[in-house]
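Listed in order, the protein sequences are those of chains A and B. When we follow my numbering, the leftmost residue of the first sequence carries the number 3, and every step to the right adds one. When we follow my numbering, the leftmost residue of the second sequence carries the number 274, and every step to the right adds one.
Don't read these hints as lab results, they were simulated from the structure. Treat each hint with caution, since some may be false.
[Stated by the list, open to error] Below are the DSSO-like pairs computed for lysine-lysine, each with C-alpha atoms no more than 30 Å apart in a straight line:
id, chain 1, residue 1, chain 2, residue 2
1, A, LYS177, B, LYS414
2, A, LYS183, B, LYS440
3, B, LYS410, A, LYS196
4, A, LYS137, B, LYS303
5, A, LYS272, A, LYS235
6, A, LYS404, A, LYS224
7, A, LYS183, B, LYS506
8, B, LYS410, A, LYS189
9, A, LYS328, A, LYS37
10, B, LYS492, B, LYS440
11, B, LYS440, A, LYS177
12, B, LYS506, A, LYS416
13, A, LYS186, B, LYS440
14, A, LYS292, A, LYS235
15, B, LYS440, A, LYS339
16, B, LYS492, A, LYS255
17, A, LYS186, B, LYS414
18, A, LYS189, A, LYS339
19, B, LYS410, A, LYS100
20, A, LYS183, B, LYS275
21, B, LYS492, A, LYS408
22, B, LYS440, A, LYS189
23, A, LYS339, B, LYS275
24, B, LYS275, A, LYS137
25, A, LYS88, A, LYS255
26, A, LYS272, A, LYS251
27, A, LYS328, A, LYS185
28, A, LYS328, A, LYS339
29, A, LYS339, A, LYS37
30, B, LYS410, A, LYS185
31, A, LYS296, A, LYS189
32, B, LYS506, A, LYS137
33, A, LYS272, A, LYS177
34, A, LYS88, B, LYS449
35, A, LYS88, B, LYS316
36, A, LYS408, B, LYS506
The chain contents come next:
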Amino acid sequence: MLKKEVKIVRPIVVDHIARIEGKAGIEVVMREDGKAVARVNVIEGPRFFESIVRGKHVNEAVTVLSRICSFCSAAHKLTAVMCAEKALGIEVSEQVAKLRELLYLANHIESHSLHLFFLVFPDLLGYHDVIEMGKDYPDVLSAALKLKEVSARVQDIIGSRFIHAENVIPGGFSKLPSKEKLKKIAKEYEEIEKLAEIPMEILMSFEYPDYLNRDRIHIAVKPYGEEYTVIGKDIETNDNDTFNPENYKDVLKEKVVSHSFAKHVFYKGKRFMTGAISRYTIFKNLMIGKAREKAVLRSSLLDPRNPFSNNFAQAVELMYFIDKSKRLAEELAESIKDERPATPSKRSGNAIVCTEAPRGTLIYSMKIKNGTVVDADIITPTAMFLALMEEDIRIAAEHMWKDGEKNAEEISRKLQMLVRAYDPCISCSVHICHVRE
Amino acid sequence: MKKILVHALTSCYGCQLQLAVLEEFDVISKNFEILHFPMISSKEADGKVDIAFVEGSVSTEKDLAELKKIRERSNLLVALGTCASFGGVQAWDDRSYEELYRDVYGTATIKFAGRKAESLSKHVHVDYILPGCPPEKWEIKYFLACFLINSWPEVIDYPVCQECRAKGNPCVLMEKGEMCLGPVTRGGCDARCPSHGIACTGCRGSLPFGVAWFDSLAKIFLKNGFSPEDIRKRMRIFFAGDNDLEEKLNRVFSKRGDNVEKRSEDS
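Just chain A, same shape as in the assembly (with noise of 0.2 Å):
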């Protein structure tokens, strides 16, 4: 990989980034030429999700998939069930459509609430974490704590969980909520959309490394209504292209890395990126409301071109999800009726689903024979960013070596807040995607 003439000037390692979801760490050369190679070594260990869940009954295969991650698991575990209903012909009611959207909101707001206080605020208010950075911040730890607490009950109540949601099952759910239950989820949500607030007022006072300003594409699940919403069918880009995810193969490509035990994912051969910044970046005229209105006064903030401007998309998001939430939490309240989950008309087919994990496009591809998983593929967000992600981690090592900045530790300090803006999720990679077709 280096050129043998080329002297090795500093090596910048991190063993383990610390503050994301996974194990993983950065390693970074510079040379004298002032180039740098950086690489984002994925050591979490495989855990060959898609290879075991082959020969099982798919009602089991969706109930180890939720434990790809702990921080989307109900994305994961919806985004599974999803792809084995459209397999098997089951038609949900739209009363469960509306549930999983709420329960898939809740997800959302829990995730950005953890990933915004717990692994990014620290870094931006000098604090080794988030219980250091309580004892001079208590309104802003009890805030996350608030908000945090609020949409792990809502998956409690509509998932059963709030960490591998079991309640929810191909055709529906098995227990739906109450008409009180919902009520109640309402008003907690109303009670929490002032604390929402706070992410954004906290990263105003942050500026971005502008050399890292540079045109991206970005990819996002286009929602399936008028609205801003993270379910839909088909994908979209930033730069106008449309494609049905039965085609994904076609677009998306994958890669074996020596240096990681996650693949990375290329779009038309090119790096991308999925994420907060890439849903609002090409659907930010579906949003309304107060979120919107925010968002609008701080574009520069929402820069597609810069990766920390994920940060502020997943505060204005967090704003925004709360507030639908709460709508379509009054609205299943009106209407709550009791029903039965839909029955599969069919015990074999093939299916592809996409849907917007918190960290982005999120695609299940799963073969059913007679209720038996024969194949299943999985591309998760944090696959398809980190080939992008690496090339930033080399920009920015090579700007702040130019710039004069030769402290490695104070390198590797900035590097890990560029990764942690992507908001990684390292288990999920590691779910891997077999080569096999």
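Guided by the hints, dock chain B onto chain A, whose structure is given.
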């Protein structure tokens, strides 16, 4: 102040997440000094700890090296969650590591060495297990509280069924005829899944001390029309780490088992 560390091997990070977001987190941070908890803190301190909580299964050579180091610096080692306690869902499949690797990565090579997912106790001495996928919040707090007063946590030796019956739920196994593992699964979850009308998949691991009635349950499943292979797969989701699972199941599925089955039907 007691010193603790929280570390993850290969996992979904859900067990640590349960710990990190406990509503009583400020109480915990006031009573325990956290030396290492990389998921939420960039602070690192060396030295001995009183208690180490380790999540995840040993799935790479690096995992194993980290685990050994942690064991050396810890007075007590707690396996946090089902992966750490029994291997977890990663151990569901019984194919070898090499076969799984080929299936996923083909002939490509990766410079880190992986290995078949296994529980912590296959490699080092584990003082306590705190299973669950994820572990229940009350139980994490109970463990911490016990350690705080120099006591030790009691092992749960009653099945999910006990809590389920106490709640008066309709029986998923007998009334709905589903493959519910409640009778052989460690309780403590307040029968979360059966209370939602969902069959228990055994996420808290099998009952300890060999008191689980695997044989009877497997016979009920057979009677309900499930094949030995269905039953084996269901029990392996979370019980794959049980050394004697195969032996027990083989006993049930053997000719002798079938005879017992027939006799009970005749009577």
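To see whether the hints hold, each was checked on the structure:
1. A:LYS177 to B:LYS414: holds (28 Å)
2. A:LYS183 to B:LYS440: With a Cα-Cα distance of about 20 Å, the restraint between A:LYS183 and B:LYS440 holds, given a limit of 30 Å.
3. B:LYS410 to A:LYS196: holds (28 Å)
4. A:LYS137 to B:LYS303: holds (11 Å)
5. A:LYS272 to A:LYS235: Holds, at about 23 Å.
6. A:LYS404 to A:LYS224: violated (40 Å)
7. A:LYS183 to B:LYS506: violated (36 Å)
8. B:LYS410 to A:LYS189: holds (25 Å)
9. A:LYS328 to A:LYS37: violated (50 Å)
10. B:LYS492 to B:LYS440: Between B:LYS492 and B:LYS440 the Cα gap is close to 26 Å, so the pair holds against 30 Å.
11. B:LYS440 to A:LYS177: holds (16 Å)
12. B:LYS506 to A:LYS416: Given pair B:LYS506, A:LYS416 is violated - Cα atoms ~47 Å apart, limit 30 Å.
13. A:LYS186 to B:LYS440: holds (23 Å)
14. A:LYS292 to A:LYS235: holds (27 Å)
15. B:LYS440 to A:LYS339: holds (24 Å)
16. B:LYS492 to A:LYS255: violated (48 Å)
17. A:LYS186 to B:LYS414: This hinted pair holds, its Cα atoms lying about 27 Å apart.
18. A:LYS189 to A:LYS339: holds (20 Å)
19. B:LYS410 to A:LYS100: With Cα atoms ~29 Å apart, B:LYS410 and A:LYS100 stay inside 30 Å; holds.
20. A:LYS183 to B:LYS275: With a Cα-Cα distance of about 40 Å, the restraint between A:LYS183 and B:LYS275 is violated, given a limit of 30 Å.
21. B:LYS492 to A:LYS408: violated (69 Å)
22. B:LYS440 to A:LYS189: holds (28 Å)
23. A:LYS339 to B:LYS275: Violated, at roughly 51 Å.
24. B:LYS275 to A:LYS137: At roughly 20 Å apart (the allowed maximum being 30 Å), A:LYS137 and B:LYS275 satisfy the hint.
25. A:LYS88 to A:LYS255: holds (24 Å)
26. A:LYS272 to A:LYS251: holds (14 Å)
27. A:LYS328 to A:LYS185: holds (9 Å)
28. A:LYS328 to A:LYS339: With a Cα-Cα distance of about 19 Å, the restraint between A:LYS328 and A:LYS339 holds, given a limit of 30 Å.
29. A:LYS339 to A:LYS37: This hinted pair is violated, its Cα atoms lying about 63 Å apart.
30. B:LYS410 to A:LYS185: At roughly 25 Å apart (the allowed maximum being 30 Å), A:LYS185 and B:LYS410 satisfy the hint.
31. A:LYS296 to A:LYS189: holds (23 Å)
32. B:LYS506 to A:LYS137: Roughly 49 Å between the alpha carbons, so the hint for B:LYS506 and A:LYS137 is violated.
33. A:LYS272 to A:LYS177: violated (44 Å)
34. A:LYS88 to B:LYS449: holds (26 Å)
35. A:LYS88 to B:LYS316: violated (46 Å)
36. A:LYS408 to B:LYS506: violated (56 Å)
In this structure, the earlier hints numbered 6, 7, 9, 12, 16, 20, 21, 23, 29, 32, 33, 35 and 36 are contradicted, and the remaining ones agree with it.
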